[in-house]
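Please construct the entire structure, taking both the sequences and the accompanying hints into account.
Number of protein chains: 4
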Amino acid sequence: MSHFIEIKVRGYHLDLYRHVNNARYLEFLEEARWSLLEGKTTLDYLQNNGYAFVVVNININYRCAASMDDILAISTSVQSIGNRSCRMQQRVMRKASDVVIADADVTFVIVDTHTEKAAPLEGELRAMLERLMN
Amino acid sequence: MSHFIEIKVRGYHLDLYRHVNNARYLEFLEEARWSLLEGKTTLDYLQNNGYAFVVVNININYRCAASMDDILAISTSVQSIGNRSCRMQQRVMRKASDVVIADADVTFVIVDTHTEKAAPLEGELRAMLERLMN
Amino acid sequence: MSHFIEIKVRGYHLDLYRHVNNARYLEFLEEARWSLLEGKTTLDYLQNNGYAFVVVNININYRCAASMDDILAISTSVQSIGNRSCRMQQRVMRKASDVVIADADVTFVIVDTHTEKAAPLEGELRAMLERLMN
Amino acid sequence: MSHFIEIKVRGYHLDLYRHVNNARYLEFLEEARWSLLEGKTTLDYLQNNGYAFVVVNININYRCAASMDDILAISTSVQSIGNRSCRMQQRVMRKASDVVIADADVTFVIVDTHTEKAAPLEGELRAMLERLMN
Numbered sequence: 000m001s002h003f004i005e006i007k008v009r010g011y012h013l014d015l016y017r018h019v020n021n022a023r024y025l026e027f028l029e030e031a032r033w034s035l036l037e038g039k040t041t042l043d044y045l046q047n048n049g050y051a052f053v054v055v056n057i058n059i060n061y062r063c064a065a066s067m068d069d070i071l072a073i074s075t076s077v078q079s080i081g082n083r084s085c086r087m088q089q090r091v092m093r094k095a096s097d098v099v100i101a102d103a104d105v106t107f108v109i110v111d112t113h114t115e116k117a118a119p120l121e122g123e124l125r126a127m128l129e130r131l132m133n
Numbered sequence: 000m001s002h003f004i005e006i007k008v009r010g011y012h013l014d015l016y017r018h019v020n021n022a023r024y025l026e027f028l029e030e031a032r033w034s035l036l037e038g039k040t041t042l043d044y045l046q047n048n049g050y051a052f053v054v055v056n057i058n059i060n061y062r063c064a065a066s067m068d069d070i071l072a073i074s075t076s077v078q079s080i081g082n083r084s085c086r087m088q089q090r091v092m093r094k095a096s097d098v099v100i101a102d103a104d105v106t107f108v109i110v111d112t113h114t115e116k117a118a119p120l121e122g123e124l125r126a127m128l129e130r131l132m133n
Numbered sequence: 000m001s002h003f004i005e006i007k008v009r010g011y012h013l014d015l016y017r018h019v020n021n022a023r024y025l026e027f028l029e030e031a032r033w034s035l036l037e038g039k040t041t042l043d044y045l046q047n048n049g050y051a052f053v054v055v056n057i058n059i060n061y062r063c064a065a066s067m068d069d070i071l072a073i074s075t076s077v078q079s080i081g082n083r084s085c086r087m088q089q090r091v092m093r094k095a096s097d098v099v100i101a102d103a104d105v106t107f108v109i110v111d112t113h114t115e116k117a118a119p120l121e122g123e124l125r126a127m128l129e130r131l132m133n
Numbered sequence: 000m001s002h003f004i005e006i007k008v009r010g011y012h013l014d015l016y017r018h019v020n021n022a023r024y025l026e027f028l029e030e031a032r033w034s035l036l037e038g039k040t041t042l043d044y045l046q047n048n049g050y051a052f053v054v055v056n057i058n059i060n061y062r063c064a065a066s067m068d069d070i071l072a073i074s075t076s077v078q079s080i081g082n083r084s085c086r087m088q089q090r091v092m093r094k095a096s097d098v099v100i101a102d103a104d105v106t107f108v109i110v111d112t113h114t115e116k117a118a119p120l121e122g123e124l125r126a127m128l129e130r131l132m133n
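Chains H, X, P and B are the protein sequences, given in the same order.
One point on numbering: in the working numbering, the residue at position 6 of the first sequence is 5, and numbering is uninterrupted.
One point on numbering: in the working numbering, the residue at position 8 of the second sequence is 7, and numbering is uninterrupted.
One point on numbering: in the working numbering, the residue at position 123 of the third sequence is 122, and numbering is uninterrupted.
One point on numbering: in the working numbering, the residue at position 119 of the fourth sequence is 118, and numbering is uninterrupted.
I should point out that these hints are in silico values taken from the structure, not numbers from a laboratory.
Any given hint could turn out to be false.
Treat identical chains as interchangeable: a pair holds within one or across any two.
As the list claims (entries may be wrong) - Within a straight-line C-alpha distance of at most 25 Å, the following computed SDA-like cross-link-like pairs (lysine to any residue) qualify: (1) K116 / T106; (2) K94 / V55; (3) K116 / G10; (4) K7 / Q88; (5) K94 / Y44; (6) K116 / L42; (7) K94 / I6; (8) K7 / A22; (9) K94 / A64.
Below you can see the structure in the form of structure tokens.
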């Protein structure tokens with residue numbers, strides 16, 4: 000099952016067009032990822048082992064504008080796990096209506112801060128990511 | 000020729016890892032697009048005709064981290080023009096070394112604010128976009 | 000009684016020093032004010048009557064740094080109501096320890112968007128603000 | 000003489016009211032302070048000696064709204080130097096008209112990162128701050 004958070008759209012999220020600004024969605028998505036990671040003690044594991052979560056690609060579709068007072072439901076789940084990178088899918092919906100506001104594929108690596116390189120996704124690290132799959 | 004702007008990385012651009020945050024790059028790219036549009040009076044044309052520039056997709060690769068005091072050179076150019084959407088390429092380089100920090104394909108439509116629909120990219124509108132091509 | 004919200008500190012809230020950035024606190028305070036206003040239907044009243052909530056002064060003390068994973072509790076209450084301006088007090092505490100992270104006096108006016116002027120704080124408008132007092 | 004920078008207001012700086020958001024001004028002010036500090040090699044001195052520039056109070060007046068395409072001129076100068084804290088004055092003007100958009104007193108300390116305490120502002124440190132006075 001996907002992980003969900005909710006964010007209510009406030010005045011400071013909007014821009015010239017009085018819609019949520021493109022860049023702000025990336026903060027919403029990051030908020031959702033931290034929430035996912037902390038929810039299963041994944042974050043503690045990463046921090047205690049000198050791993051950093053590093054995004055290498057975001058492919059985001061802006062499908063519909065979000066406006067003041069909209070309540071957004073953001074789902075996040077791991078979609079696929081490769082040898083050294085992993086892909087999450089995140090979706091932003093307007094809660095009242097299930098309209099898709101935006102969806103994104105987010106590809107990340109787990110950097111070993113000792114070697115400064117992407118860690119191979121095997122063993123305990125892989126198991127941890129598998130627990131975050133849909 | 001591409002359009003260029005420069006941004007110097009400051010303390011408030013950074014995040015937990017002391018690197019420029021993912022979301023912040025989208026503000027840098029937006030800054031570069033406004034600069035491109037105003038530079039050839041494109042922006043005046045759009046605003047005077049009730050057109051809004053609306054991004055529908057951003058596909059961004061984060062290739063290398065940017066840190067405090069880095070000077071970033073951001074290039075922007077129109078890559079291809081379809082019937083109703085258009086694609087720009089934007090690239091963020093570390094100026095001192097020509098290292099690519101990030102690159103992005105940005106797909107946008109020109110919304111006619113009278114009809115709330117994507118305008119067909121023909122006539123004067125298309126000519127204007129063609130002048131922004133590489 | 001004061002109104003409270005909680006915000007958990009995430010990676011994108013931090014800056015060069017790995018502390019929550021000065022500017023970000025103003026978003027936290029704005030979030031808390033929207034939450035206060037909507038909680039007592041104040042926001043509906045303002046929006047339906049063409050009133051805009053406009054901040055004219057913020058005096059903020061940064062007393063202690065907030066770091067990754069801190070849970071912040073933000074209290075907001077109306078402190079005093081003048082003829083045309085009103086002052087709120089907002090305080091950001093680290094929830095686990097009651098350490099004061101920041102506190103701010105926020106002075107605002109209610110602009111009548113028809114006249115573009117600060118509305119006199121009397122009658123229903125004043126009563127509404129009095130209900131937000133500590 | 001004051002130090003000046005210019006910032007052009009873009010779509011992503013605005014909020015619900017289509018004016019520059021309160022929090023964003025604090026980023027503009029921080030940008031101006033970094034620019035002042037680097038301009039006289041103050042920043043190198045601080046970084047090389049393990050000093051961090053830490054803001055302890057900002058008192059900002061929002062006097063007039065700034066809108067899309069406004070060019071803002073931001074002046075910064077040191078106003079007074081105490082034993083352990085120092086006060087800057089920063090002013091944001093609309094360049095075309097000299098209208099004051101916002102002004103702020105910013106009080107900061109220089110934290111010695113070895114002791115984690117505010118350094119006494121004497122000797123070379125004080126001389127450096129004196130060179131930044133109006």
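Which numbered hints are broken by the structure, listed smallest first?
Of the numbered hints given earlier, the structure breaks none, since each of them holds.
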